[in-house]
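K.L.:
Residues per chain are reported as follows:
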Amino acid sequence: MRERLTRFFASRWGIILAGAVIGLLAPLLQFLGNPPNMGICVACFERDIAGALGLHRANLVQYIRPEIIGFVWGSTLAALLFREFKARSGSAPIVRYVLGIFAMIGALAFLGCPWRALLRLAGGDLNAILGLAGLAVGIAIGVMFLKSGYSLGRTTRTYVAVGWIMPAVMGALFLLLVFRPQFGEGGPIFFSQKGPGSLHAPLLISLGAGLLIGFLAQRTRFCTMGAIRDVILVRDTHLISGVGALVVVAFATNLVLGQVRFGFAGQPIAHSSFLWNFLGMALAGLAFALAGGCPGRQLFLSGEGDGDAGIFVLGMITGAAFAHNFSLAGKADAVVNGVLQVGGLTNFGMIAVIFGLAVCVLIGLTMRECAQR
Amino acid sequence: MAKTVDARGLSCPQPVILARKAIAAGEFPIEVLVETVTSRENVRRMAEKAGCTVRVEQVGEEFKLILAK
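The listed protein sequences correspond, in order, to chains R and H.
2 is the number of the first residue of the first sequence in my numbering; add one for each residue after it.
287 is the number of the first residue of the second sequence in my numbering; add one for each residue after it.
Same shape as in the complex, but just chain H (with noise of 0.2 Å):
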């Protein structure tokens, strides 16, 4: 079961800041649901840094976000 974290309707750096918390907690996959592209990208551009693969998933207008190490 993927941990989620929530970060739709955040506005930056919170998506971040949350995901870099569930990072450091260590348990994957993690599932980051972001809304706004400017999202994802901050999102993908830390998480790639921190050394995870990120997949992208487009949920209607949202997305998600798939961290794994």
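For reference, chain R alone in the conformation it holds in the complex (with noise of 0.2 Å):
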């Protein structure tokens, strides 16, 4: 029966299974009160969390998104039913703590990771394609790479706490949701009361969509970078048309739910600085295909035992609170007196995307080694 369920999970049908559950969730989330275009975002909510532990200031996005914690634990869960959970680390845990930094640095440049940029789309938001093109643009540069060598060489077997520490972690962010303890006057915990990090789903709900997906998927190793990696590497569909359901059904549900609007400009938590939201996603992409997966596919790894994917969240956190304390992360298109204000990227922004590139290509350019032990 195990097999049998592990067989389905693999095959097309269950990889274009988690894509719609996604696709359905999200927009439902949205719906029940998370920020427009934005029912599940990874980056977005690993900010957020990085606001809600003071790790940055920003008071408009600050909360612990149960989604994540119900992202690690769902995969856990799987893992463990299905004799899957492994506690391994090792391949060079510094770079991918370096590649998360810059992979948030360019999400938050778009505003979004690539699940928010397929909802973004699915919503309406015609940003969406520069930044997806620029997504698929990044990766196809870290195919070049793995063609020429490129490895963060191997992992290995490790004490089964290591796999454990990344479930805890949620376990104590869970606990921090729950009680809301104040650290010192006017310290962290802190709880958005105005802007996307106020906006929100019932806890309970929120948590318990993200256990289901996560659960889907580790059983279906669903990942958004993997997918367009497949198509470029291998020309395998495999992955993709699990994004593509995710778009179909998200699109769908958004029609059902009155929440599709097109257009290029003032998009709701997005900018329409073009050439930023290419340049900022290619970043992400370059950093998530060194990396060996996208945000929610670090986050399901991280679940099951991964140590260096753990590492990588980490990254991405601390990049988070980077973009927010040095005033790099993307900002909204607004109206003030009934007239458009293109947001975008401040210089520093734009000075700290042009380096991730740069870093990142070194990383690609200096860790080719041919890996056959």
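Hint data in this document are derived by calculation from the structure and do not stem from the laboratory.
Beta carbons: idealized from backbone N, C-alpha and C, even for Gly.
Hints are supplied without guarantee of correctness; some may be wrong.
PhoX-like cross-link-like pairs, simulated, lysine-lysine; straight-line CA separation at most 20 Å [stated by the list, open to error]: (1) H:355 x H:335; (2) H:355 x R:87; (3) H:307 x H:350; (4) H:335 x H:350; (5) R:148 x H:355; (6) R:195 x R:87.
Short, incomplete list of chain R residues facing chain H, as computed with Cβ under 10 Å [claimed, not checked]: (7) 83; (8) 230; (9) 305; (10) 307.
Stretch-level coverage of chain R by chain H, calculated; a stretch enters the list once three of its residues show a Cβ under 8 Å from a Cβ in chain H [stated by the list, open to error]: (11) 84 to 95; (12) 144 to 153.
Using the supplied hints, reconstruct the complex from the two chains, each of which is provided in its own coordinate frame.
P.N.:
Now the structure itself:
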């Protein structure tokens, strides 16, 4: 029975099911309170967690998102049930940490991870096309490095406790979310009173959706970066059929819920600065490709015992703190006194994206070795 | 003597890339060693698409895929 289920989840219908479930749940989460076109966004939600912990002080984006906790725990549950929980680590962790930082800086320049790019598209935000094009270009550059022997080296099996660190970190976040302690006067834990951080679906619904998605994604290996990479690298359309299902189902659900508005300018929590939407996601795509997974996939891997994926997640949370503390994150379009003000990046943000691209290219160029042992 | 591709501990897509290189070299059978079910399924899917027959053996907690043509 277990093996049969494993074969189903590994099949094309399995990955389509996972994509469709995400495509259904994300717009529903938005309907139930999550921010617009942000039913699920791994980068944004990790950024909100960084804010809640006081790692950055952008008071509009601070909340401990239960979806993220659910993603990790759902994956842990699936891995345990199907005997795939394997504690492993040791494949260039510090490089993964750096890649996580720049992946987040790129994603926040665009204002979303690949998941949100797909959901923004499914909500009519045409800026997402620029973001997805950038993502594909970034991944294509990563594929060039992979083809020429790029490798972060082998992981090794390690103590079971290592694999439990990220699920335990999520446990700590859950406790902070439920008990909402305040550490000192004016100190964290912070919960936004306005802005995107204040918009959220009920806790248990968010957690439940996260658990279900985490479970399905662990079984099916759903990965938005892998989807594009596999098409470029081996002309394999397996993973991208899941991504396609996500977009189609999310668009249909948005139509039913009245959440579609086509256009470029003035889209919710988005800017229409084309170049930086493109370059931001190019940076994110390259960093994801070099690290071997999109931010969602890294969470699922961290739930099944992969300590290196856990380091990447911590890198992303650190990157979010840098992005907001150093004013690197994209500023959304805004209408002030009836006049549209196009958002985008500060000069610092532009420099950070270019610098990040340079760092990732250097990593890709310098970490090529014949991995055969 | 089968050619062996040791992809244990490597994260995807590297096992697929290494196995694909071995298939392109054309010396069969090829043994591919992988550690995770993910890598096992990815290599299996790629090899079957490339027209190979794939036999999987479990070796402890690892997997050996034997690709033949």
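K.L.:
Against each hint, give a clear statement of whether it holds in the structure.
P.N.:
Comparing the hints with the structure gives:
As the CA atoms of residue 355 of chain H and residue 335 of chain H are separated by approximately 12 Å, the hinted pair is consistent with the 20 Å bound. Using a Cα cut-off of 20 Å, the hinted pair residue 355 of chain H and residue 87 of chain R is violated, with the two alpha carbons roughly 32 Å apart. In summary, the hint linking residue 307 of chain H to residue 350 of chain H is supported, as the alpha carbons are separated by about 17 Å, within the 20 Å threshold. For the proposed pair residue 335 of chain H and residue 350 of chain H, the alpha carbon gap of about 18 Å is at most 20 Å, so the pair holds.
Annotation: proposed proximity of residue 148 of chain R to residue 355 of chain H is violated, straight-line Cα distance about 24 Å (limit 20 Å). Note on residue 195 of chain R and residue 87 of chain R: the hinted pairing is violated, with a Cα-Cα distance of about 41 Å set against a maximum of 20 Å. With a cut of 10 Å, the hint placing residue 83 of chain R at the interface with chain H holds, because the nearest CB-to-CB distance is about 8 Å. Nearest Cβ of chain H to the Cβ of residue 230 of chain R: about 7 Å, under the 10 Å cut. The hint holds.
A hinted interface residue such as residue 305 of chain R counts as satisfied when its beta carbon comes closer than 10 Å to some beta carbon of chain H; here the least separation is about 9 Å, so the hint holds. Annotation: interface hint on residue 307 of chain R holds; nearest CB of chain H at approximately 8 Å, less than 10 Å. Counting residues of the segment 84 to 95 of chain R whose C-beta sits closer than 8 Å to any C-beta of chain H gives 4, which meets the bar of three, so the coverage hint holds. Counting residues of the segment 144 to 153 of chain R whose beta carbon lies closer than 8 Å to any beta carbon of chain H gives 4, which reaches the threshold of three, so the coverage claim holds.
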